[in-house]
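Letter by letter, the chains look like this.
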Amino acid sequence: MSSTELQAASAKPATAVPAPLPAPLPVAGARGVAAGLPLTGIIVWALLLSAPLWLPLIGGYTALASRVVVMGLVAMALNFLLGFTGQMSFGHAAYFGLGAYGAGLTLRYVANSTGLAMLDGILLGGVLGTILGALICKRRGVYFAMITIAFGQIFYYIAYSWDSVTGGYDGLRGFTRQPIGVGPFVIDILNNGTLFYYFVLFVFALATGVMSLLLRSPFGRTLLAIRENERRARFLGIAVDRHIWLSFSIACFFASTAGALFALLNNFADPTSMHYTLSGIIVIMVVMGGMRTFWGPLIGAAIYVVLQDYISSITVNWMSFIGLLFVLVVMFFPRGILGMIKQRSAP
Amino acid sequence: MTMIEARRVTKTFGSLVAVNDISLTVAPGELRAIIGPNGAGKTTFFNMITGFFPPTRGEIVLQGQDITRTSAQQRVKLGMARTFQITEIFPELTVRENVRIAVEAADGFSLRVFTSRADTDRLAADIDAVLAMTDLSGKADRLVGELSHGDQRAAEIAMALALKPRVLLLDEPTAGMGEQETFQVAGLIRRLHKQSSYTIMLVEHDMRVVFNLADRITVLAEGQMLADGTPAEIAANPAVQAAYLGEAH
Numbered sequence: 000m001s002s003t004e005l006q007a008a009s010a011k012p013a014t015a016v017p018a019p020l021p022a023p024l025p026v027a028g029a030r031g032v033a034a035g036l037p038l039t040g041i042i043v044w045a046l047l048l049s050a051p052l053w054l055p056l057i058g059g060y061t062a063l064a065s066r067v068v069v070m071g072l073v074a075m076a077l078n079f080l081l082g083f084t085g086q087m088s089f090g091h092a093a094y095f096g097l098g099a100y101g102a103g104l105t106l107r108y109v110a111n112s113t114g115l116a117m118l119d120g121i122l123l124g125g126v127l128g129t130i131l132g133a134l135i136c137k138r139r140g141v142y143f144a145m146i147t148i149a150f151g152q153i154f155y156y157i158a159y160s161w162d163s164v165t166g167g168y169d170g171l172r173g174f175t176r177q178p179i180g181v182g183p184f185v186i187d188i189l190n191n192g193t194l195f196y197y198f199v200l201f202v203f204a205l206a207t208g209v210m211s212l213l214l215r216s217p218f219g220r221t222l223l224a225i226r227e228n229e230r231r232a233r234f235l236g237i238a239v240d241r242h243i244w245l246s247f248s249i250a251c252f253f254a255s256t257a258g259a260l261f262a263l264l265n266n267f268a269d270p271t272s273m274h275y276t277l278s279g280i281i282v283i284m285v286v287m288g289g290m291r292t293f294w295g296p297l298i299g300a301a302i303y304v305v306l307q308d309y310i311s312s313i314t315v316n317w318m319s320f321i322g323l324l325f326v327l328v329v330m331f332f333p334r335g336i337l338g339m340i341k342q343r344s345a346p
Numbered sequence: 000m001t002m003i004e005a006r007r008v009t010k011t012f013g014s015l016v017a018v019n020d021i022s023l024t025v026a027p028g029e030l031r032a033i034i035g036p037n038g039a040g041k042t043t044f045f046n047m048i049t050g051f052f053p054p055t056r057g058e059i060v061l062q063g064q065d066i067t068r069t070s071a072q073q074r075v076k077l078g079m080a081r082t083f084q085i086t087e088i089f090p091e092l093t094v095r096e097n098v099r100i101a102v103e104a105a106d107g108f109s110l111r112v113f114t115s116r117a118d119t120d121r122l123a124a125d126i127d128a129v130l131a132m133t134d135l136s137g138k139a140d141r142l143v144g145e146l147s148h149g150d151q152r153a154a155e156i157a158m159a160l161a162l163k164p165r166v167l168l169l170d171e172p173t174a175g176m177g178e179q180e181t182f183q184v185a186g187l188i189r190r191l192h193k194q195s196s197y198t199i200m201l202v203e204h205d206m207r208v209v210f211n212l213a214d215r216i217t218v219l220a221e222g223q224m225l226a227d228g229t230p231a232e233i234a235a236n237p238a239v240q241a242a243y244l245g246e247a248h
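Line by line, the protein sequences are chains V and H. Counted from 1, the first sequence has number 335 at position 336 by numbering that gives the first Met the number 0; the numbering is strictly sequential. Counted from 1, the second sequence has number 161 at position 162 by numbering that gives the first Met the number 0; the numbering is strictly sequential.
If you are wondering where the hints come from, they were derived from the structure by calculation, not from laboratory data. This list has only true hints and no planted wrong ones.
Pairs of lysine-lysine residues, derived as DSS-like cross-links and limited to a Cα-Cα distance of at most 25 Å, are as follows:
id, chain 1, residue 1, chain 2, residue 2
1, H, 163, H, 76
2, V, 137, H, 76
3, H, 163, H, 138
4, H, 138, V, 341
5, H, 193, H, 163
A short list of chain H residues far from chain V (calculated; beta carbon distances all over 12 Å):
id, residue
6, 24
7, 147
8, 186
9, 210
10, 225
11, 228
12, 237
Which bits of chain V does chain H cover? Going by a derived footprint, with three or more residues having C-beta under 8 Å, they are:
id, stretch
13, 204-216
14, 223-232
Bear in mind the structure is a predicted one, so any value in this text is a computation, not a measurement. Quick reminder that beta carbons are idealized off the backbone N, C-alpha and C, glycines included.
The whole structure should be built from the sequences, with the hints applied where relevant.
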C-alpha cells in the first residue's frame with residue numbers, strides 16, 4: 000500500500016505541473032560526487048599531453064614524466080578505495096608489484112609481447128587482489144589496514160625468496176618491453192622514450208576514464224555513501240561488504256595496471272615494489288595531493304616523484320625533505336594540495 | 000492480520016537482562032509508540048526489531064515471516080526502514096543526493112554502472128515524490144549537513160520513505176529538538192500516518208508527541224512490559240504513573 004501511495008504521489012506532480020521542470024541534476028552530482036571539475040581535468044590533460052614539449056625546458060626528461068604517470072595511476076587506484084570508499088589499504092604496493100612481476104615474468108619466460116605482458120600483469124595483481132579482497136572486505140579500520148599489510152608482505156617475501164623464478168633480492172632482469180605492432184605499423188616504444196610515454200599515457204587515459212565512469216555511476220555514488228556513513232548505507236539495504244570488496248578489487252586491477260607499466264618502464268621488477276614502505280609512499284601521494292579529489296593523487300605523485308628525482312641528486316637524505324613536506328601539507332592543507340585549491344576557488 | 004509481531008523477545012548482555020519476555024503486535028496502518036523511563040530497554044527492543052542485533056530468545060515476525068535471524072540489510076529488502084536517534088545521513092552530500100542513494104539502493108541500482116534514460120527519469124520522479132512528501136523540494140540542492148535539525152530529520156525520513164517500506168521505524172525522531180522543530184517533525188509523522196497510511200513504530204521521549212500521534216502505546220520499564228493500550232488507557236494506568244513519578248521523584 001505504501002509503494003502504491005508513493006507511485007501515486009510521484010505520478011501527481013508529473014501531470015499537475017506543466018513542462019518546465021529544469022532539474023539541476025548535473026550540478027548537484029558534481030558537487031557531491033567526485034569526478035572532479037572539468038577545468039582541473041582539462042588542465043591536467045593539457046599538461047600531460049604536452050609534457051614531452053615543455054619538460055626538457057625545465058630540466059626534466061621523458062622517462063621522469065612516464066614515472067609520474069605510472070605512480071599517479073597507482074595513487075589514483077588506491078584513492079578509489081581510500082578517498083571514494085573510505086577504506087584504508089596499507090598494502091597496495093603488493094598489487095602494483097604483482098602487476099610488475101606478471102608483466103616481467105611474461106616477457107622473460109613466455110613471449111616477447113608487450114600486450115600479453117600488460118594483460119598478464121593486470122590479471123595477476125587484479126585476480127589475486129579480488130580473491131584476497133573477499134577476506135579483507137569483512138574487516139574495518141585498523142584491522143582492514145593490518146590485514147592488507149599482512150597479505151602484501153606475503154607477496155613481498157615470495158618474490159624475495161623465490162630466487163630461481165623471480166631473481167630474488169636482486170630483482171627480475173633479462174627482459175625488455177617490445178615494440179607494438181598495429182596492423183602494418185610498428186610503434187617502437189622500446190627505443191623511443193617519447194612513444195613509450197604516450198603508450199603509458201594511453202593506458203592511463205583508459206584506466207582513469209573507467210574510474211571516472213564508475214565514480215559517476217550509481218555504483219560510485221553507493222561507494223561514496225559507504226564512505227560517508229556506513230551504518231546509514233547498511234540500513235538502506237546496501238550490501239556494504241560486497242561493495243567494499245568490489246572497490247578493493249577495482250583498486251587492485253588499476254594498481255596492477257600501473258605495476259605492469261612500471262616493469263615496462265624500467266625493464267626490471269624487484270621485491271621493493273611490493274614492500275609496505277612503497278604502500279606507505281602511495282598513501283603519502285594520495286593524502287598530499289588530496290584524497291577527496293579525482294586528480295589529487297596524480298598531483299601528489301608528481302610532487303613526490305619529481306622531488307625524489309631532484310633532491311636525491313643533491314643529498315642521500317632526500318626522504319627527510321619529503322617527510323617534512325608531507326608534515327607541512329597535512330598540517331596546513333589537510334585536504335591535500337588539490338583539495339585546498341578547490342576549496343579556495345569555490346564561491 | 001498483523002504487520003509486526005514480537006513473541007516473547009528477550010535480550011541479555013552478560014548477566015544484565017535488558018529486555019525481558021516482551022510480546023506485542025502492530026496492525027497494518029497503526030502508529031505504535033514505545034515509551035518508558037531511561038534504561039527501560041526501549042532502544043534495545045527497537046534494535047532487535049530492526050535487526051541491529053538478534054534477540055537472545057524469542058521471535059520477530061514481519062507479516063507472517065519469521066525474521067528473527069534476518070540481517071538488517073535483508074530486513075530493508077523485506078520492507079523495514081528505520082531512522083536513528085542521532086540522525087544518520089550523508090552530511091556532505093545534497094538532500095537530493097541523499098535521497099537518490101536511497102532510491103537507487105531500493106531499486107537495485109547500487110551495483111549498476113549504466114542507467115538508461117527511462118530508468119534515470121523514473122528514479123528522478125521517485126526522488127521528487129519523496130522530497131515533496133517530506134517538504135524538502137525547496138532544499139533539494141542544499142548540503143544536508145547545512146540544514147536545521149528538523150530538516151535533517153526530515154531528510155533521514157525521506158531516505159527511509161525512498162525505500163518504499165511497509166513499516167517505518169523511528170528511533171526518537173524528535174530527540175534533542177526545540178519546540179518548533181519537534182512540531183515540524185511530529186507534523187510530518189502525522190501526515191505519513193494519516194494521509195499515506197504508513198505503519199509506523201516509534202520510540203519517543205516527548206510525551207506530547209506520543210499522546211498526540213499514537214494509536215497505541217507500549218510502556219516498558221526495567222526491561223519489562225508495563226502496559227499496552229490506547230493513549231487514554233495508558234494515561235489512566237496507575238502503574239505507568241507510578242513508574243514515571245518514581246523516576247521523577
